[in-house]
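Let the sequences and hints guide you as you build the complete structure.
These are the residues of each chain, in order.
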Amino acid sequence: MSNFTISPSPHIHSGDSIEKNMYGVLIALIPAFIFSIVFFGIGAILVTLTSVVACLIFEFIIQKYLMKQRPTVWDGSAIITGVLLAFNLPSSLPLWIVIIGALVAIGIGKMSFGGLGNNIFNPALVGRVFLLISFPVQMTSWPVPNGFSTVDAVTGATPLAIVKEAVKNGQSVTDALASTGLSSSNMIIGNMGGSLGEVAAIGLLLGFAYMLIRKIITWHIPVTIFATVIVFAGILHLVNPVHFADPLFHLFTGGMMLGAIFMATDYVTSPMTHKGMIIYGVGIGVLTVIIRVFGAYPEGMSFAILIMNGFTPLINRYCKPARFA
Amino acid sequence: MMTTTIIYTIIFLCAIGIASAVILYFVAQKFKVEEDPRIDIVESILPGANCGGCGKPGCRGFAEATVKATSLDGLFCPVGGAETMAKVASALGMEVSAQTPQIAVVRCNGTCDHRQRTSTYDGYRSCAIEHSLYRGETDCTYGCLGCGDCVNVCAFDAIHMDANGLPVVSDEKCVACGACVKTCPRNIIELRNKGPKDRRVFVCCVNKDKGNIARKACTVACIGCGKCVKECPFEAITLENNLAYIDFRKCKLCRKCVSVCPTHAIHEVNFPPRKITEPATTEAKNDESIQ
Amino acid sequence: MLKTFKIGGVHPPENKLSAQGEIITLPLPEQVIIPLSQHIGAPAAPTVKKGDTVKVGQLIGQAAGFISANIHSSVSGTVTSVDPVIDASGYPRPAITIKVEGDEWDEKILKEPLSQHPNTFTKEEIIAAINAAGIVGMGGATFPTHVKLSPPPGSTAEVLIINGVECEPYLTADHRLMLEHGKELIAGIELLMKALGVKRTIVGIENNKKDAIEELEKHAKLADGIEICPLKIQYPQGGEKQLIQATTGKFVPSGALPIAVGAVVQNVGTVYAVYEAVMKRKPLFERVVTVTGKSLKEPGNYLCRIGTPLAQLIEAAGGLPEDTGKVIGGGPMMGKALTTTNVSITKGTSGVLLMRQEESSRKENRNCIRCTKCVSVCPMGLEPYHLMLLGEHNKLEALEAEKVMDCIECGSCSYTCPANRPLLDVIRLGKARTGQMIRTRKN
Chain F
16 MSNFTISPSP
26 HIHSGDSIEK
36 NMYGVLIALI
46 PAFIFSIVFF
56 GIGAILVTLT
66 SVVACLIFEF
76 IIQKYLMKQR
86 PTVWDGSAII
96 TGVLLAFNLP
106 SSLPLWIVII
116 GALVAIGIGK
126 MSFGGLGNNI
136 FNPALVGRVF
146 LLISFPVQMT
156 SWPVPNGFST
166 VDAVTGATPL
176 AIVKEAVKNG
186 QSVTDALAST
196 GLSSSNMIIG
206 NMGGSLGEVA
216 AIGLLLGFAY
226 MLIRKIITWH
236 IPVTIFATVI
246 VFAGILHLVN
256 PVHFADPLFH
266 LFTGGMMLGA
276 IFMATDYVTS
286 PMTHKGMIIY
296 GVGIGVLTVI
306 IRVFGAYPEG
316 MSFAILIMNG
326 FTPLINRYCK
336 PARFA
Chain B
50 MMTTTIIYTI
60 IFLCAIGIAS
70 AVILYFVAQK
80 FKVEEDPRID
90 IVESILPGAN
100 CGGCGKPGCR
110 GFAEATVKAT
120 SLDGLFCPVG
130 GAETMAKVAS
140 ALGMEVSAQT
150 PQIAVVRCNG
160 TCDHRQRTST
170 YDGYRSCAIE
180 HSLYRGETDC
190 TYGCLGCGDC
200 VNVCAFDAIH
210 MDANGLPVVS
220 DEKCVACGAC
230 VKTCPRNIIE
240 LRNKGPKDRR
250 VFVCCVNKDK
260 GNIARKACTV
270 ACIGCGKCVK
280 ECPFEAITLE
290 NNLAYIDFRK
300 CKLCRKCVSV
310 CPTHAIHEVN
320 FPPRKITEPA
330 TTEAKNDESI
340 Q
Chain Y
1151 MLKTFKIGGV
1161 HPPENKLSAQ
1171 GEIITLPLPE
1181 QVIIPLSQHI
1191 GAPAAPTVKK
1201 GDTVKVGQLI
1211 GQAAGFISAN
1221 IHSSVSGTVT
1231 SVDPVIDASG
1241 YPRPAITIKV
1251 EGDEWDEKIL
1261 KEPLSQHPNT
1271 FTKEEIIAAI
1281 NAAGIVGMGG
1291 ATFPTHVKLS
1301 PPPGSTAEVL
1311 IINGVECEPY
1321 LTADHRLMLE
1331 HGKELIAGIE
1341 LLMKALGVKR
1351 TIVGIENNKK
1361 DAIEELEKHA
1371 KLADGIEICP
1381 LKIQYPQGGE
1391 KQLIQATTGK
1401 FVPSGALPIA
1411 VGAVVQNVGT
1421 VYAVYEAVMK
1431 RKPLFERVVT
1441 VTGKSLKEPG
1451 NYLCRIGTPL
1461 AQLIEAAGGL
1471 PEDTGKVIGG
1481 GPMMGKALTT
1491 TNVSITKGTS
1501 GVLLMRQEES
1511 SRKENRNCIR
1521 CTKCVSVCPM
1531 GLEPYHLMLL
1541 GEHNKLEALE
1551 AEKVMDCIEC
1561 GSCSYTCPAN
1571 RPLLDVIRLG
1581 KARTGQMIRT
1591 RKN
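Residue numbers (my numbering), protein chains in the order written: chain F, 16 to 340; chain B, 50 to 340; chain Y, 1151 to 1593.
Cross-link-like lysine-lysine pairs, in silico, DSS-like; alpha carbons within 25 Å at most:
1) F:K230 <-> Y:K1513
2) F:K230 <-> Y:K1156
3) Y:K1592 <-> B:K105
4) Y:K1156 <-> F:K290
5) B:K276 <-> B:K299
6) F:K230 <-> Y:K1153
7) Y:K1545 <-> B:K231
8) F:K335 <-> Y:K1156
9) Y:K1349 <-> Y:K1333
10) F:K79 <-> Y:K1513
11) F:K335 <-> Y:K1400
12) F:K290 <-> Y:K1553
13) Y:K1553 <-> F:K335
14) Y:K1205 <-> Y:K1258
15) Y:K1513 <-> F:K83
16) Y:K1199 <-> B:K259
17) Y:K1545 <-> B:K105
18) Y:K1344 <-> Y:K1258
19) Y:K1382 <-> F:K230
20) F:K35 <-> Y:K1513
21) F:K290 <-> Y:K1400
22) B:K231 <-> Y:K1592
23) Y:K1200 <-> B:K259
24) Y:K1545 <-> F:K335
25) Y:K1371 <-> Y:K1360
Heads up, incomplete: computed chain F residues facing chain Y, CB under 7 Å, no partners named:
26) S24
27) I27
28) S32
29) N36
30) G132
31) F339
Now the stretches of chain Y that chain B is said to cover, found in silico as 3 or more residues with beta-carbon under 8 Å:
32) 1239 to 1248
33) 1566 to 1580
Hint data in this document are derived by calculation from the structure and do not stem from the laboratory. Quantities reported herein were computed from a predicted structural model and do not represent experimental measurements. Heads up, the beta-carbon is just placed ideally off N, CA and C, and yes, glycines get one too.
Structure (structure tokens):
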């Protein structure tokens, strides 16, 4: 007697998998990584490698020995967390701090909620914000890009910090920016101080295009964030150009690109419907500009994303997809 | 400067606290719900498992029902048992009718050895889904599907799948709440009297097919031969739709039926081992007569 | 820009292996088992008993009630049993078993179609003929056709939509029927238009059947009010609501029937059966079935008598391949997996798909990563991930509020899920339970 397999329909599958999506995101991160190596040299490689390996090891240990599950470290999600965490850190950060960040990201940010799919907040950002608050000095010492040059890296402020400082001292933002000698082309390429992965806008946008083509993410979240930032920062700039930087400056500095393209679009922590994604994107955009312009920190992207992560369940509850009717 | 700040803070906090307390008091008075205080008393006696085994929505629902009722007939907490019911009765000043303790009994013995697998189920692990899809992995359309819906629904950790893929009820942990009975899509599990010293005799099969079909699907199926019915001195066994059923209210646990069953479909549990074993020859003969 | 439905949808590999296989008439089997319930509604009541001799086309099961359908013998021979027989799901169901002797057709059935123009029949004549012939929706839903042609009071049909979409991968039965019987189909459409009293018909065909589109366009020019509408390839376009939306742009409201927007949808297989029932007085006792699969020697399309065992059909197509792991009655998206090939072809069997061992088991399911893909492919605009969660916890009121009853069980969610979650398995159970809850509440 033949022993056939019986299952409810459908009997075929698209072949899509968690791995395909996760490794797709990793491929999309490659251009930005190349730029960061060019700008920050060996430090970028060391920090990223440490972060990824630490995330993998922590995930393995927690799954195997604490949660007694079959470890699924190679599904790619821990690698993404590792890379994104590293991209949010200065390339000169001591490696032991990177490892603490990875422990917080995986242990508290992800596994304490039950692992992949159950976490409320983006794990990499949980790690990053933890480090930012615990090690403020190390976390804000930004090496100036000098590639593989053997000269000791000079630390400098990020453009956002310069502007913040200028505003505090009553200077004009345009003057402050002019004094740094930062051209707009440098900003787009990413030749400025900052976290190792956030500076290269071009590389990040290439990754965005790749993920759109592969249909890993939809345009909704990044585009609404960009649009909101341009509109909101634009209004502020029009009201008082001396006090507020122009919207394109906000778009190309700090963690804006990295956050909007790779962190806000994290599957697990972003809303499920297109309508919800737009609300989420607008929220992140508005919060980022508010924190950057009026808050104590020069950079607001991570906080904005984490705050909106917290709103995601609520957004999911009230934003239903367009029903067939 | 410093001390005034501290004093102001303390005064301010106290003021807020008092104001809130006053508001809360009036709100609580305004929206107070009048309830029979005995409901709370009864609820505190109940086990608080909220299993629904009594048929009421949770322990509070049961407490409300007992307070409303004029007698406790038909109201029984299977988890707390007679002891709890006696306490409830004394709290309400009512009589409690005696209830024999019960236990969930799984009436299928279709292990891999006894039932040949004729297909492989590859869907969501749920008996309800498998049952609605098709007859299951074996040819028996009545037997256990082995996905463990009963295990998932048990709030007392009393039912587990054994190595053969069949659910096994723990004598100690089962409180006869009936959750598994309700969830089983094939109605295999039944609440039966626990019996003296936990001894029970029951037909471990629910197959209503004709003998030859049932036997082909499973070697330990009840084939409806009726031998047990004839053997039973207490008229406790009935035969309906090719299936024997032992009424646990009438059964006196004499175990005569167990030895005559040609397919060993009647099970005895928690009896001491028998002194004289049945001669194997009669069994073999019976087996032949069926085929 | 080709038309398609607006919300969701997927595009599985088409795999139309048998698209070039002309319809072959399957030789008569030795024995047929004709189930008495091949339709939605009450099973038919047997009108023959053991030992009776029957002819091809003779009534053997009388419709029991309005929503039911007549059953006719598909062969001539002797009734050997009227006892229940194990059906495709493994449960015994009422059926009539007939031993085949010769091939003697009922005298009423015409060898050549009537020369009358379809317009000369009256509405009542057509519906009566359809009712007598026991025609049901042959796309797979098997809803009795005469019921669909009698709109409830207060509603009128404005447009007839013919479903030639065949969006299920692998299946080609409808495609071949359109290609080889275009003229008859147009006549059948004219009959249905007359029966419904509508002036306009839209035939929806997916664009992967260009030859069928051309063929039908050629014949449609000769008739009035029939337009052929090529559609973009998108699953589940063959769903009633999706097809109406794609062809007319109208959305059937939640919980309503297509007639609410003045539409009636019929499958091309049904149209052909209507043509034969009226023009040849031939009851529904045979249908075109696709037999296909990647390992099958000769995938093809066969005209089979109802009740023929699947095993014989598979034999005709080159035999059951060694590596068969799953046998599916219907297409891969909505078909039913079978425990044995020893089951009968029924009025609703559009195809048999043999899947290889390595294709037949699902991959391990993982945690939901909330990637939103199920939400974006759901053609009804539901949230499958959420419905599954509610289903697992048996939250029936919440399921109802989340419109689980709108689910058309197309399987797009399970198909697309990167974590291989069995979304539809759980949703289907939740839907059944919610439906039960709604029904008990009404009573």
